[in-house]
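Asker: Sequence:
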Amino acid sequence: MGLRKRLELRSENTEAFEHGVASNKDLDPVPLGSPERTWTWPSLLGFWVAEAFSISMYQVSSTSVSKGLNPGVAIAAVLVGHLLVCIPAMLDGYVGCIFGINFPVFTRASFGMRGSLFAVFVRGIVACIWFGTQSFQGGQCLQVMISAIWPSFNDFPNHLPASAHVTSAELLCFFLFIIIQLPLLWLHVSSLRWMFMAKTILMPIFGLTLFIWALVAAGGFGPTFSKATHIKDGTPTAVVFFQCVTTTIGPKATLALNMLDFTRYAKYPRQVFWTQAVGLLVLVTACGVLGATVTSAAQVIYGETTWNPLEVATLWNNRAAQFFAGLCWAFAVIGTNISANSVSFSNDLALWFPKYVNTRRGAYVCAVLGICACPWYIQYSAASFSSFLGGYALFLGAIAGIIVTDFWICRRQNLAVSSLYQAHGIHRYTGGINIRAFIAFVCGIVPNMPGLAAACGQSGVPKGATYLYSLSWLVSTVIAGTVYWISFKIKPFPVDERTELRDFIRKRLRHLLSKARDSLASVNVGDEAKSKAMKLLAMAKLTRES
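Numbering (my numbering), first residue to last: 219 to 764.
Simulated from the structure, these hints should not be mistaken for lab results.
Treat the hints with caution; some may be incorrect.
[Claimed, not checked] DEER-style ranges, computed between Cβ atoms:
| id | residue 1 | residue 2 | range |
| --- | --- | --- | --- |
| 1 | Phe371 | Gly649 | 56 to 62 Å |
| 2 | Pro454 | Val434 | 42 to 48 Å |
| 3 | Ile449 | Gly649 | 36 to 42 Å |
| 4 | Pro379 | Pro665 | 37 to 43 Å |
| 5 | Thr453 | Thr700 | 26 to 32 Å |
| 6 | Ala538 | Tyr582 | 15 to 21 Å |
| 7 | Ile367 | Leu301 | 41 to 47 Å |
| 8 | Pro369 | Ser252 | 42 to 48 Å |
| 9 | Pro454 | Gly675 | 41 to 47 Å |
| 10 | Ala683 | Tyr582 | 39 to 45 Å |
| 11 | Ser252 | Trp626 | 20 to 26 Å |
| 12 | Gly649 | Ile367 | 24 to 30 Å |
| 13 | Leu301 | Tyr595 | 40 to 46 Å |
| 14 | Thr700 | Phe571 | 40 to 46 Å |
Bear in mind that the values here come from a model prediction, so they are computed numbers and not experimental data.
Cβ coordinates follow ideal geometry from the N, Cα and C atoms, glycine included.
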């Protein structure tokens, strides 16, 4: 047997096999009632706690304070950003729970069987860059920990020029952190609950401790929040506010698309809605409050504007505190990197190469490409970090507007899962591509192109274009969704006349109730048989409630 044959993955999806569509276990749907459906509301909230307390989320609000916004105004911008991105996250997450499909498979409905490859490519590139960026942040955490134990590490010789925007010590710690993550990339997403739960306990305690320290050391809320808004470069305050809104959306723009990758393992569709709202609007915003507070407090305490929480830790005259701060932030980075970045990229790559790539193999490819992204260029300043977040958010916003409009407005929630695995089904469109989606995508991003050029250093761009770019995600989402709906009205495409959800629930109920009756009808019904029957009846009730 050749190497290529050995690398092929097996799929239990007979629907895909019969219709000539390559698939694998990670692309196959996870039906309601499946043993893999292990996530309940504590797991879903734990996921958002894991996402909330990260260096990137801290830096979202700290970047705004460093630009000159009042901490209270920066927190308000963070809340507005999370309110906006919460809408597609809730809607897409519900789809994942109901149909058990992930984001790459779901895009086949709106972009087409072949067009979906483009959508997942756009998101996959972002996931790789984010993996590298988060890993570089993790390397900085490792550097703080090592320096706390061996202060002489601060004198590690640097052999790189200043133009590299990275030192030899930072590069060494970056690769060490990548190596630490490699064993954890082997874990499947359905078994990541323990990591989320551990982070749920550890990070809020650490965040509250850091918050209290900042207020006490700075002399309370007054000195911390009394700082007036003063934009250093003269940009209008409203523009900086909306830049903060878009910067807030940036880290969660990917999750607004790929929440399906996680909610497909949730037991109850109802829990998906409220956990998304609480998670984004309360838990994730809490880390934004932490970033704004600590950054403003650091200005009062040390007279320095430090947008990076690790720089704050290095200012402490306590090596033990420095070590544990670095350890907590490193754990936060690992949880976010594995759950959000490697999983999403793996699913995207699996759609391109379903015979050979699953979530585990894709995670290691993501690690390699994350290194190639040279993330230190993104991380070296607040301005470059903000530009990066605003830049890619506009592309993801256009995709979000299209897939949400397609399912919730054009299709009116009617979707046959089997049609997503048929090469010549209704989602083939024209040559496997839904041209409406691509027209909408282009229309969504074009208005933001001049602003993106200005953010990349292009001179001579009109002020109005740069101001519009401050709302790049919202603009691209609304325009792309609207154009897609108009194109559907002009030239409608076939829509599934039924949904498989009700058929599945009926079959599942009949199967579970039949097995329960058989167990209770046994001649010698012991305690074990009764217990088994009660479990089956409970599963039937669970399915009915879902």
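Asker: A separate judgement is required for each hint: does it hold in the structure or not?
Answerer: Each hint, compared with the structure:
A C-beta distance of roughly 57 Å is found between Phe371 and Gly649, which places it inside the suggested range of 56 to 62 Å. Between Pro454 and Val434, the C-beta spacing of about 35 Å breaks the proposed range 42 to 48 Å. Taking the beta carbon of each, Ile449 and Gly649 are about 50 Å apart, not inside 36 to 42 Å as hinted. Here the CB-CB span from Pro379 to Pro665 is close to 38 Å, well matched to the stated 37 to 43 Å.
Against the hinted window of 26 to 32 Å, the Cβ-Cβ separation of Thr453 and Thr700 comes to about 29 Å, which satisfies the hint. The hinted range of 15 to 21 Å is not satisfied by Ala538 and Tyr582, whose Cβ atoms lie roughly 35 Å apart. For Ile367 paired with Leu301, a C-beta distance near 42 Å keeps the hint of 41 to 47 Å intact. Checked against the hint of 42 to 48 Å, the C-beta distance between Pro369 and Ser252 comes to roughly 53 Å, which is inconsistent with it.
Take Pro454 and Gly675: their Cβ atoms lie about 21 Å apart, and the range 41 to 47 Å is violated. Look at Ala683 against Tyr582: about 41 Å separates their beta carbons, and that is inside 39 to 45 Å. Between Ser252 and Trp626 the beta carbon distance is about 25 Å. The supplied range of 20 to 26 Å therefore holds. For the hinted restraint 24 to 30 Å between Gly649 and Ile367, the CB-CB distance of approximately 60 Å leaves it violated.
The beta-carbon spacing between Leu301 and Tyr595, approximately 31 Å, falls outside the hinted interval of 40 to 46 Å. Between Thr700 and Phe571 the C-beta distance comes to about 34 Å, which lies outside the given range of 40 to 46 Å.
Of the numbered hints given earlier, the model fails hints 2, 3, 6, 8, 9, 12, 13, 14; all others are met.
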